[in-house]
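Work out the full structure, taking the sequences as your base and the hints as a guide.
Line by line, the protein sequences are chains A and B. First residue of the first sequence: 1, per the working numbering; consecutive thereafter. First residue of the second sequence: 1001, per the working numbering; consecutive thereafter.
Calculated from the structure, these hints are not laboratory results. Some hints could be false.
As the list claims (entries may be wrong) - Quick list of the computed label-pair ranges, beta carbon to beta carbon:
no.: 1; chain 1: B; residue 1: L1119; chain 2: A; residue 2: V260; range: 41 to 47 Å
no.: 2; chain 1: B; residue 1: A1036; chain 2: A; residue 2: V260; range: 25 to 31 Å
no.: 3; chain 1: A; residue 1: G244; chain 2: B; residue 2: R1099; range: 55 to 61 Å
no.: 4; chain 1: A; residue 1: A105; chain 2: B; residue 2: E1129; range: 47 to 53 Å
Stated by the list, open to error - Which chain A residues stay away from chain B? Per the calculated CB distances, all over 12 Å, these:
no.: 5; residue: V108
no.: 6; residue: Y122
no.: 7; residue: L134
Computed from a prediction, not measured in an experiment: that's the story for all the values here. Built from N, CA and C at the ideal position, the CB exists for glycine as well.
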Amino acid sequence: MNARRRELFGLVLAGLIASVALASITLAQDAAISPDVVTWGALFLGLYVAAHIVVRRTVPFADGALLPLTAVLTGFGITTIYRLDADDGARQAVWIAVGVGVLVATLVWLRHDYRVLESYRYLFGIAAIGLLLLPSVPGLGREVNGARLWVDLGVVQFQPGELAKICLILFLAGYLREKRESLARGQLKDIGPLLAIWGAAMLVIVVTNDLGSALLNFGIFLAMLYVATGRAVFVAAGLALFVGGAAVLYNAIGHVQDRVTIWLQPWTDERVYCSLNGRLEFRQDCASYQLVKSLYSIANGGFGGTGLGEGTFVSPDGVQLIPYLRTDFIFSAIAQELGLIGAAAVLLVFMLFVVRGMRVALQADDGFSKLLAAGLTFGFALQTFIIVGGVLRVVPLTGITLPFVSYGGTSVVANFVLLALLLLVSNRASAPR
Amino acid sequence: MNRQIIRLTYVALLLVAALVVMTTYWQTWAAPGLAARQDNAIKRVAEFQIDRGLIFSFAPRQRLARNRQREVDGKTLFFRRYPYGPLAAHVVGYSTAARSRTGLERSLNDYLTASNANLSTALDRALDELRGKPIQGNDVVTNLDLDAQEVALAELGQNCGAVVALDPRDGRLLVMASSPSFDPNLVEADFGEISKITANCTPAAPLLNRASAGLYVPGSTFKVVTAAAALESKKYTPDSTFFDPGYCTVYGKQVNNFDTSRPYGTVSLRTALTYSVNSVFCNIGKELGAKRILDTAKKFGFYERPPLETPADERLASGLYRNGRLYYPARDTDVDAGRMAFGQERMLVTALQNAMVAGAIGNRGRLMEPHVVNRIVGPGGKVLEDTQPRLIRQAVSRTTADEVAEMMRLAVRQGTGTAAQISGYSIGGKTGTGETGVPGSNTTWFIAFAGEDEERPAEVAIAVVLQNQSGTGGSTAAPIARAVMQAILQGTENP
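Put into structure tokens, the structure is as follows:
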């Protein structure tokens, strides 16, 4: 069976999983399976089959697992979002459609040779910095939950951080491909730009209060630097710099301090000062409210979960028990309803995606392609780790999205761009010459 | 570059694998701990899908907590109703979605929601789940005597205070009333109504279970403990004589009797307890030292949370308090033993503890573990837990207990506690009036035990405490104790 047949088979399977999930949600909510399930399932499958047809035409030799794995993840995401709020589910469906559209457009646009992107590397570098700083422009940025991550253009709102990540990877792939030899020899004149990137990462934390995206972008940078040079010492030095810088910022910025305190001590036995209402409260009732509620949600799932549509997210009088459930905390919703089995399955899908993405990097035969695929895949894994790790109290919680699963247009579209680039690299690597 | 990419793959996979490990941790290892937390609103709301077990009084058998079904978003939810409202609100507590639980609703939540680790419960629960039926909780039968409880609450009236009555022979808690009380049905619907409750103390704090979490100056009721310590020391007998000048000198300062106008002159220990002569106990205290008295108090259960099935933080330990914390002196000289001996000097006691003291005296020195839960019954009628009487310890020797009991009987027959007499019953009691220095704000006490005759252990022990009184323990608390004991004794006679 060749890659494209496998892909189609995988997509049908993904469509079935999503449809069964949707059916069990309607069953739990209305004690009957809604006939709409068939329509929605068919639309979902149809959308991905359309993408599959374009993939056949544009990148026929690309990896056959990436698109189905994406379909499974978006399927998990959209059914969970639909279960929490039907209107948001419909909106997410539109975003997935837009995402597939962007995937198709990217594939068609770059089908001959995506490596033209390499020549725009500095443009991407500037774009990355610009996008990251955009939310802190007065009048444009909006502060949500203590961090400035959103840009409000009046008509549309978006999180430029997601796009910045891809621009950064494109820049680094081009830049490091060019400089890797001299960097590997450890010439001092090339250290300058690296320090500049470190400085930029710190600047991003300062102006946006966004520890998560700084960690993500800096992690991607170190990973790609390591792939390009093979010098672990760079990674060690980079990590030391980041930790040192973060420690300084920890003392200087209240928001960062709060996040770390919440992470280390979400529960207190005595009432501590609560900056939200100015009174003395238990920390679990105040600053760490979100994290703690999310942990309760996960714990309530247990081994087998409550079942789709059977989870507890709302109190009997309609009060939401867990904040940001559709975006930052979507993993806690999945973990409650599907239990350890389901949550582990979702994480397994992420792992499979990582394996396939890294395989593309291994197969690619030029430096730019290798760096690009490795960077994109590692970024995908690290982003998953930072948000789910935050929810699970492995790292301090920061507001970034779970790729393909969280509710949100920018995130979905950006990740489809990521997928398109991986497919393009894969196609070129596997194409017969 | 391939070597680096392979290594990076391992790192990436390790990161995601760490997430699987941590998910496992939270969903299996840490889950029970999180489920038990008070601020876990998700668990609390999820448990509304369970047909929660009922809570009953013992006699007459009435439902103190029952369920009302309501459909919300296609789910059948079970909301709590408390048919007797304020009557047993502090013992039963409440279970609401919006606020945390209290009372037995909290401490017995596992039984009431059928999540206790019992094989038959687990089996029932699994079957219910498979059939798609709501899970049925286990019912709780308490020891509460509802009629006596009603008398207690009515007698307390607008006073802030508490009544605890138990059967000293087996520890069954028959009455636990705290005033002012509140209607647990309003906790979710209209909490504002509860915060508007007033009584003759501020804050009225209707949610506080004064019976087990209200700490009060014991006043002369503590003389029972001092007398027991004195007799146990073998240095004194009930006939030991003292000279009462009307006051006692402690650290060069004069500590007066309650009534200084009439010094008793030469008195026996027996007479001193009957008429509550401060100076005698003050001198005993100075002679024995604080630690000796406190050690006897410990035998009666002081310095530990009295064991009861209600949540631990709704029960406080009695003893000396300093800066809001329980305090045990390292040396005798750290505490004014003279004042402590008659119940001052920062000694604080709960009504529950004082009822245990009276009970142990009436039960020949045997201190029984108090129990408010009689038994727990599964949905099929199977008894899961059947509370058995348990001896905490022999608090004092039988001789000491009988001698103190005799003195307490004298106090009711002819001393300060005559208001507690019930014809046909043998009653021993001790009054207490804790002076706060402000007129009209005395804390008054009466502790007692009662039985049909002196030859057998007492059938009931009681402690009544009232805040902000202008009268004495004998005039304010003793009549309440009498009414409640009468309700219990006559209830047991004609069931």
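Hints, one by one, checked against the model:
no., hint, verdict
1, B:L1119 x A:V260: 41 to 47 Å, "45 Å, holds"
2, B:A1036 x A:V260: 25 to 31 Å, "27 Å, holds"
3, A:G244 x B:R1099: 55 to 61 Å, "46 Å, violated"
4, A:A105 x B:E1129: 47 to 53 Å, "49 Å, holds"
5, V108, "28 Å, holds"
6, Y122, "22 Å, holds"
7, L134, "28 Å, holds"
Checked against the numbered hints above, the structure violates only hint 3.
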